[in-house]
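K.L.:
Next come the chains, spelled out residue by residue.
There are 2 protein chains.
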Amino acid sequence: MTRELMELIDNRKISIAKDQLKKMQAVDIAEIINEMDGKNSLLTFRLLSKEVATETFSYLSRDKQAELSILINENELKDIIEDLHFDDMIDYLEEMPANVVKKILKNTSDVERKLINQFLNYPDNSAGSIMTIEYVDLKAGMTVGEALKHVRKTAPDKETIYTCYVIDSTRILEGIISLKSLVLADPQKKVKDVMKTNFISVNTYSDQEEVAALFKKYDLLSVPVVDQENRLVGIITIDDIVDVIDEENTEDFHKMAAIQPSDELYLSASIFSLARKRIQWLLILMVSATISGYIIRKYEAVLQSMVVLAAFMPMLMDTGGNAGSQSSTLVIRGLALGEIKLKDFLKVIWKEIRVSLLVGTALGLINFIRILYIESSSIQVALTVSITLVVTIVVAKVLGGILPLIAKSLKIDPAIMASPLITTIVDAAALITYFRTASWIIGMSF
Amino acid sequence: MTRELMELIDNRKISIAKDQLKKMQAVDIAEIINEMDGKNSLLTFRLLSKEVATETFSYLSRDKQAELSILINENELKDIIEDLHFDDMIDYLEEMPANVVKKILKNTSDVERKLINQFLNYPDNSAGSIMTIEYVDLKAGMTVGEALKHVRKTAPDKETIYTCYVIDSTRILEGIISLKSLVLADPQKKVKDVMKTNFISVNTYSDQEEVAALFKKYDLLSVPVVDQENRLVGIITIDDIVDVIDEENTEDFHKMAAIQPSDELYLSASIFSLARKRIQWLLILMVSATISGYIIRKYEAVLQSMVVLAAFMPMLMDTGGNAGSQSSTLVIRGLALGEIKLKDFLKVIWKEIRVSLLVGTALGLINFIRILYIESSSIQVALTVSITLVVTIVVAKVLGGILPLIAKSLKIDPAIMASPLITTIVDAAALITYFRTASWIIGMSF
Numbered sequence: 119m120t121r122e123l124m125e126l127i128d129n130r131k132i133s134i135a136k137d138q139l140k141k142m143q144a145v146d147i148a149e150i151i152n153e154m155d156g157k158n159s160l161l162t163f164r165l166l167s168k169e170v171a172t173e174t175f176s177y178l179s180r181d182k183q184a185e186l187s188i189l190i191n192e193n194e195l196k197d198i199i200e201d202l203h204f205d206d207m208i209d210y211l212e213e214m215p216a217n218v219v220k221k222i223l224k225n226t227s228d229v230e231r232k233l234i235n236q237f238l239n240y241p242d243n244s245a246g247s248i249m250t251i252e253y254v255d256l257k258a259g260m261t262v263g264e265a266l267k268h269v270r271k272t273a274p275d276k277e278t279i280y281t282c283y284v285i286d287s288t289r290i291l292e293g294i295i296s297l298k299s300l301v302l303a304d305p306q307k308k309v310k311d312v313m314k315t316n317f318i319s320v321n322t323y324s325d326q327e328e329v330a331a332l333f334k335k336y337d338l339l340s341v342p343v344v345d346q347e348n349r350l351v352g353i354i355t356i357d358d359i360v361d362v363i364d365e366e367n368t369e370d371f372h373k374m375a376a377i378q379p380s381d382e383l384y385l386s387a388s389i390f391s392l393a394r395k396r397i398q399w400l401l402i403l404m405v406s407a408t409i410s411g412y413i414i415r416k417y418e419a420v421l422q423s424m425v426v427l428a429a430f431m432p433m434l435m436d437t438g439g440n441a442g443s444q445s446s447t448l449v450i451r452g453l454a455l456g457e458i459k460l461k462d463f464l465k466v467i468w469k470e471i472r473v474s475l476l477v478g479t480a481l482g483l484i485n486f487i488r489i490l491y492i493e494s495s496s497i498q499v500a501l502t503v504s505i506t507l508v509v510t511i512v513v514a515k516v517l518g519g520i521l522p523l524i525a526k527s528l529k530i531d532p533a534i535m536a537s538p539l540i541t542t543i544v545d546a547a548a549l550i551t552y553f554r555t556a557s558w559i560i561g562m563s564f
Numbered sequence: 119m120t121r122e123l124m125e126l127i128d129n130r131k132i133s134i135a136k137d138q139l140k141k142m143q144a145v146d147i148a149e150i151i152n153e154m155d156g157k158n159s160l161l162t163f164r165l166l167s168k169e170v171a172t173e174t175f176s177y178l179s180r181d182k183q184a185e186l187s188i189l190i191n192e193n194e195l196k197d198i199i200e201d202l203h204f205d206d207m208i209d210y211l212e213e214m215p216a217n218v219v220k221k222i223l224k225n226t227s228d229v230e231r232k233l234i235n236q237f238l239n240y241p242d243n244s245a246g247s248i249m250t251i252e253y254v255d256l257k258a259g260m261t262v263g264e265a266l267k268h269v270r271k272t273a274p275d276k277e278t279i280y281t282c283y284v285i286d287s288t289r290i291l292e293g294i295i296s297l298k299s300l301v302l303a304d305p306q307k308k309v310k311d312v313m314k315t316n317f318i319s320v321n322t323y324s325d326q327e328e329v330a331a332l333f334k335k336y337d338l339l340s341v342p343v344v345d346q347e348n349r350l351v352g353i354i355t356i357d358d359i360v361d362v363i364d365e366e367n368t369e370d371f372h373k374m375a376a377i378q379p380s381d382e383l384y385l386s387a388s389i390f391s392l393a394r395k396r397i398q399w400l401l402i403l404m405v406s407a408t409i410s411g412y413i414i415r416k417y418e419a420v421l422q423s424m425v426v427l428a429a430f431m432p433m434l435m436d437t438g439g440n441a442g443s444q445s446s447t448l449v450i451r452g453l454a455l456g457e458i459k460l461k462d463f464l465k466v467i468w469k470e471i472r473v474s475l476l477v478g479t480a481l482g483l484i485n486f487i488r489i490l491y492i493e494s495s496s497i498q499v500a501l502t503v504s505i506t507l508v509v510t511i512v513v514a515k516v517l518g519g520i521l522p523l524i525a526k527s528l529k530i531d532p533a534i535m536a537s538p539l540i541t542t543i544v545d546a547a548a549l550i551t552y553f554r555t556a557s558w559i560i561g562m563s564f
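Chains A and B supply the protein sequences, listed in that same order. So the first sequence is numbered by this note's numbering: it starts at 119 and just counts up by one. So the second sequence is numbered by this note's numbering: it starts at 119 and just counts up by one.
Keep in mind that the hints are not guaranteed to be accurate.
No farther apart than 30 Å at their CA atoms in a straight line, the calculated lysine-lysine pairs in the BS3-like style are these [to be verified]:
1. A/Lys140 x B/Lys314
2. A/Lys314 x B/Lys131
3. A/Lys257 x A/Lys314
By construction, these hints were calculated from the structure, which means they are not laboratory data.
Next comes chain A alone, as it looks inside the complex (with noise of 0.2 Å):
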């Protein structure tokens, strides 16, 4: 479909491609623009009735946008922009280049101008980031009958009609009601009687991942968001909280992998923008981690008198850290899903051990008779390779369970307390336990 498309418009064949495109969902066609060069885009762009259109804009990446906002006059920009929802629009002024920004600012009014600027000032990350604008208010007096008359006046500038909400004369919210209960209800029946006076309302300034959260537990479609007065200011949508939990869930990816986080894309990110947000935590874990190696000097002479148990430290390191990252994982998991609560501290710990003991003894079993009797190593080597496996498990298992909920504990996202920083400290651990065990059942033996 989108090789076909771009070949009808690279040929000109305008009215089979006018055709083809009125089959298809804006997404798609934006997908397609976004592949294309300035003039094919502008070509097909001017192909879409104006509702496509505005809705395609709204789809296309963020220099697509601008490049289009350039090339095509000021009125049809104008046109397109106003017909953006609210928050479409606010995403799209926030990333414009100035140029393009004054150019369309100069067309609104004075009262919109006053509250685009205020859009663009919540702080990222916020409620009042995402919400919209545009959502249907009702009185409470109004009956049924009126306020549905409302709703089918309105509708059509609104982002969701399925739920409505009933302000007072201060905007103070007072209700919810779902376009369902007022489509079962009699019409005769005041707006007051029919709706929900305990709903969820979120803050302006919340955070972006607490409304998610809210949105995931009450199953809800829409939100309202309130100002301190508790003035109805704004409502936030399903849709936009579908890409926070995703937003969210790749946040906590890039810091388990000790990445910088950003909202970058990595096709179109920069080489130097993606090294610095690498080079960071590298540089801080590769300096963490010459601890192992003062430790390595430290017992430089046991090493020297037995150089064959350099070759199992690679191992005792790799496990401990992949043992240490599956506990933080969970935990780190846990958390963020709300089903571990800093309460469960003990319960993790205890859980952790019992857990780490039992795979520790396996594996250091499974060692111990590999070593033994497959590399055919000296009893003393297999005992202190396994002593300290089973010893790393338990150790790392348990910093693992433990670290992300005392870095919720402060306050500081438990995501950081993942696998690469876990592997550091286990590291040492194993070593001091690795070089402790060789010189006491070494010493002891020899």
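Given chain A, work out where chain B should sit, using these hints.
P.N.:
Structure of chain B alone, referenced to chain A:
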């Protein structure tokens, strides 16, 4: 609130407790009941109005559902189960012990029992397993006015009425129409003239992850599920998709930390089950880490003559592992979100080569200076370590970038190619580079 209510119930202050419960959301009530013993939970549950009781029941933990199913009498149970949304009922039946399921199925009609069995048989993670049958269906020949009347009549039992489905006499799906369009359209118009015919649908056997991707891409609130003959068999709503997104992300987190994924909860899982899910990968990785051991043994002579080299091994291996896991995480996440595609193979390699050279050179230089001036080691050692570091970072990042893509092209889950596996491979590469460089530089200058 939780403690307060629990005390009220403990002290049998029933009427105050009842008032409290009226002000609460069903999810929150379920959370409290989950923490109560059998007697108190039954008492609390019986204080709820029928409607709230059903909703609360659907939010209870599986264990609590099973407990209550046995405690309440057959008629009460029948009433609740009948009022559950169909998808919630299926979820419930799937998890209940056989005797409870039998008790319930005894009371259902033949038709319903057949339907339940059909639903229970859809494979896990398929669209069929998460769909519901409570949708509004319309006929193309109805007028909008008739359609609205039909919606109003059938709405109370439906999971959503905000998208309606237009089917012919053989249940073939012909179009979809939002309640918004119905409300806005002229009541005299025919449904077939207002409905959307280019809509997104999925198959009963579609993977839930793909379904979730469609919801994200097209900002859907619900999607129709059709069988092989294009007959409408159910719908999937966004609230269930939000759960799927979390589930799929958890699965990725677990796989990336070398844990056998499962939907068991951490706190309620037995230690044997937790140990089993962790030990498999630890064992595989432990055995593959012995390759690094063989490499060290092969170069024992080099190490013997310069035991100081051992001190830098942990830093080299850790930094390599971290560098690789950064790249693999970015690519795995990019693939999961659809930002990176298989065709971007060369772009990813080229990007990782440049980024890794930048990062590697910077870290290599810092290391060189640190070893020479702070650790006062010889220039040969500093050079060996730094060269190895650069090579290791380049190898790690390029492997981290391409292994997930290779996995994807082989239809293996890219999440497997995360830090644990890459660490093992990179360790071996780092050690070979290290000892070869050492023999070359030290051999040359000694």
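K.L.:
All hints, please: hold or fail.
P.N.:
Now the hints, each set against the structure:
1. About 12 Å separates the Cα atoms of A/Lys140 and B/Lys314, which keeps this hinted pair within 30 Å; it holds.
2. A C-alpha spacing of about 26 Å is found between A/Lys314 and B/Lys131, which places the hinted pair at or below 30 Å, so the restraint holds.
3. For the proposed pair A/Lys257 and A/Lys314, the alpha carbon gap of about 13 Å is at most 30 Å, so the pair holds.
Checked against the numbered hints given earlier, this structure breaks none of them.
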